[in-house]
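Required output: the full structure, derived from the provided sequences and hints.
2 protein chains.
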Amino acid sequence: MAQRIGRYTLRFPSHPAVLAGAAVVGTTEGEGPLRAEFDRVFPDDTLGESSFEKAESALQREAVTLALEKAGKRPRDADLIFAGDLLNQCIGSSFGLRDFGIPFVGVYGACSTMALALGLAGLAVDANAARLALAVTSSHFCSAERQFRQPLEYGGQRPPTAQRTATAAGASVLGAHEPDKPYLAAATFGRIVDLGVQDANNMGAAMAPAAARTVADFLHDAGAGPDSLDLVLTGDLGAVGTALFRTLLNKDYGIALSETRHADCGLLLYDRETQDVHAGGSGCGCSASVFNSHILRQLQCGALRRVLLVATGALLSQTSTLQGESIPCVAHAVLVCAPENGKE
Amino acid sequence: MAQRIGRYTLRFPSHPAVLAGAAVVGTTEGEGPLRAEFDRVFPDDTLGESSFEKAESALQREAVTLALEKAGKRPRDADLIFAGDLLNQCIGSSFGLRDFGIPFVGVYGACSTMALALGLAGLAVDANAARLALAVTSSHFCSAERQFRQPLEYGGQRPPTAQRTATAAGASVLGAHEPDKPYLAAATFGRIVDLGVQDANNMGAAMAPAAARTVADFLHDAGAGPDSLDLVLTGDLGAVGTALFRTLLNKDYGIALSETRHADCGLLLYDRETQDVHAGGSGCGCSASVFNSHILRQLQCGALRRVLLVATGALLSQTSTLQGESIPCVAHAVLVCAPENGKE
Chain A
111 MAQRIGRYTL
121 RFPSHPAVLA
131 GAAVVGTTEG
141 EGPLRAEFDR
151 VFPDDTLGES
161 SFEKAESALQ
171 REAVTLALEK
181 AGKRPRDADL
191 IFAGDLLNQC
201 IGSSFGLRDF
211 GIPFVGVYGA
221 CSTMALALGL
231 AGLAVDANAA
241 RLALAVTSSH
251 FCSAERQFRQ
261 PLEYGGQRPP
271 TAQRTATAAG
281 ASVLGAHEPD
291 KPYLAAATFG
301 RIVDLGVQDA
311 NNMGAAMAPA
321 AARTVADFLH
331 DAGAGPDSLD
341 LVLTGDLGAV
351 GTALFRTLLN
361 KDYGIALSET
371 RHADCGLLLY
381 DRETQDVHAG
391 GSGCGCSASV
401 FNSHILRQLQ
411 CGALRRVLLV
421 ATGALLSQTS
431 TLQGESIPCV
441 AHAVLVCAPE
451 NGKE
Chain B
111 MAQRIGRYTL
121 RFPSHPAVLA
131 GAAVVGTTEG
141 EGPLRAEFDR
151 VFPDDTLGES
161 SFEKAESALQ
171 REAVTLALEK
181 AGKRPRDADL
191 IFAGDLLNQC
201 IGSSFGLRDF
211 GIPFVGVYGA
221 CSTMALALGL
231 AGLAVDANAA
241 RLALAVTSSH
251 FCSAERQFRQ
261 PLEYGGQRPP
271 TAQRTATAAG
281 ASVLGAHEPD
291 KPYLAAATFG
301 RIVDLGVQDA
311 NNMGAAMAPA
321 AARTVADFLH
331 DAGAGPDSLD
341 LVLTGDLGAV
351 GTALFRTLLN
361 KDYGIALSET
371 RHADCGLLLY
381 DRETQDVHAG
391 GSGCGCSASV
401 FNSHILRQLQ
411 CGALRRVLLV
421 ATGALLSQTS
431 TLQGESIPCV
441 AHAVLVCAPE
451 NGKE
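As you go down the protein sequences, you meet chains A and B in turn.
Residues in the first sequence are numbered consecutively from 111, following the numbering used here.
Residues in the second sequence are numbered consecutively from 111, following the numbering used here.
Careful, some of the hints might be misleading.
Which residues of chain B face chain A? A partial, calculated answer using Cβ under 10 angstroms [what the hints assert, rightly or not]: (1) 200; (2) 222; (3) 257.
Counterexamples of contact, computed for chain A against chain B with all Cβ distances above 10 angstroms [claimed, not checked]: (4) 151; (5) 268; (6) 337; (7) 338; (8) 413.
Don't read these hints as lab results, they were simulated from the structure.
The beta-carbon is built from N, C-alpha and C at its ideal position, and this holds for glycine as well.
Written as structure tokens, this is what we have:
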């Protein structure tokens with residue numbers, strides 16, 4: 111039974127365990143600094159499929175298969191799967207997961223989807239609505255470019271503020287508390303924030319205010335400062351959004367988040383010095399793959415003890431941009447903690 | 111705290127109340143048999159907006175505003191809103207709801223969205239994750255035609271098996287149990303079913319197997335026959351899907367659902383004799399508007415006592431159809447009951 115603390119935050123008293131996570135990525139991501147952390151790096155971004163959309167579905171299928179394997183579970187053990195992606199009508203999820211036979215809850219939060227799905231899966235396990243619940247999402251550079259910008263063949267140029275949609279998927283398996291597993295302690299579901307940014311090539315700037323608000327909500331509700339967290343891990347603000355996020359947090363909410371306690375999945379996934387990714391990574395698969403590999407491993411071994419994953423989403427579409435609209439954004443946060451039995 | 115019964119069904123022991131529902135519709139829907147039941151019929155399908163997408167957002171905004179008003183609540187009283195729609199990246203919801211400041215959980219279930227959102231909102235209230243939770247969805251004939259088929263100006267013809275996307279939105283306000291309000295007793299989240307139907311102009315045929323499976327799951331889990339329900343209310347199977355649904359339920363699951371205990375929102379919304387709607391209504395707004403008007407009223411007065419709303423969704427996109435894919439479908443069900451204090 112969830113416990114409301116403050117206005118916007120839910121605490122999960124049963125401490126649902128993250129039994130396992132899996133992350134699978136494409137070629138470029140596999141050449142980045144986290145290459146050794148992923149469960150699988152595909153040497154060909156088509157994954158042998160006949161379209162990029164089908165490749166994205168395959169990424170999601172692969173992430174779920176591996177996560178279940180690592181947790182020692184079968185698809186039939188899962189009571190619910192929370193899944194979504196960036197493709198129109200979320201076909202990465204529906205086609206990727208159609209053969210598992212797991213009750214399917216489609217969610218949409220753009221690049222905030224991993225935190226949204228984790229928060230809901232945590233709620234479901236905590237509330238006894240699922241003994242085992244999965245959270246999964248994906249993105250694919252090529253399917254996203256075709257859908258949101260231009261087919262790759264056009265060779266379109268992107269400005270320096272643009273980010274690279276990660277070819278990646280991540281899946282987490284949640285179940286009842288286990289003392290030697292990381293656990294979900296709380297979730298803050300975000301409100302929509304729209305400060306009027308209209309540049310779809312600068313999502314970091316559009317999403318930073320939503321991230322700042324959700325982090326401020328969480329800390330206010332928890333009655334704690336940023337030092338209560340080992341890491342605030344934003345989803346994919348990239349280089350531009352990261353700077354803005356820390357500035358806004360300080361200016362608008364009086365919260366001084368030191369650089370050492372903040373990391374952004376969009377900056378962790380690639381090496382911007384040597385990889386041509388402009389302002390960093392983005393896409394649902396960005397935070398999903400970073401969280402379910404590098405971060406979960408650090409939580410498992412106790413190198414990190416309290417991580418607030420704050421995934422951010424830009425809730426626009428091509429149509430809304432063409433119609434001159436600004437970009438409504440949202441950030442969802444989940445607090446994930448190291449195992450109780452771990453070393454301090 | 112939810113109680114799992116059987117393999118797929120959740121019972122909500124606290125009986126979350128449906129405090130109010132609101133339904134707003136466009137011109138054609140306002141000329142149909144339910145015209146007197148809606149909270150608002152717009153005489154102009156643009157709602158005075160400059161695009162059909164903005165009109166759809168306005169529908170959703172209006173439905174939420176009216177539902178909150180009818181429940182005697184303000185937006186700030188709501189802890190969560192579960193919302194989604196058919197537009198790419200669900201912009202009907204994100205733009206329609208961005209000004210309410212309610213923590214926003216985007217969901218995607220195509221035309222199954224109303225039942226999906228209701229089930230999650232019920233779970234949230236039952237689990238104490240929200241004191242007040244909203245469920246809302248919308249669709250718009252003109253935005254859907256442009257996105258999924260052709261702009262209206264092309265004057266495209268549709269085959270008799272096609273359905274008309276409803277211009278409509280519906281919103282429900284859920285809160286803690288109240289003995290004189292209808293309540294959510296249970297939910298069954300569906301599994302994806304894909305029998306290989308590829309005709310995007312015959313969604314009823316594609317979705318019927320998903321509806322049959324979810325109804326069979328629910329009845330099996332509840333250990334009851336169809337006579338335990340006053341009404342099985344499918345979302346939008348239309349004329350073709352309705353016939354198939356009852357046949358499949360009988361043939362595949364041995365469940366004889368009499369015609370008097372079954373209704374389909376897609377057939378209730380329009381008068382197919384006098385209105386040019388082919389096989390009936392569809393779209394997220396179809397079941398949302400029928401449930402939140404006609405059906406909720408009958409539950410409120412006790413004319414119906416136990417209604418299983420089974421909204422069905424076709425989880426395809428234009429891209430998946432162009433790539434020769436079949437149509438994965440899902441059906442989510444919620445059991446809504448008449449007030450405890452009502453007359454038998």
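To see whether the hints hold, each was checked on the structure:
| no. | hint | result |
| --- | --- | --- |
| 1 | 200 | holds, 5 angstroms |
| 2 | 222 | holds, 9 angstroms |
| 3 | 257 | holds, 8 angstroms |
| 4 | 151 | holds, 26 angstroms |
| 5 | 268 | holds, 19 angstroms |
| 6 | 337 | holds, 26 angstroms |
| 7 | 338 | holds, 22 angstroms |
| 8 | 413 | holds, 31 angstroms |
When each numbered hint is compared with the structure, no violation occurs for any of them.
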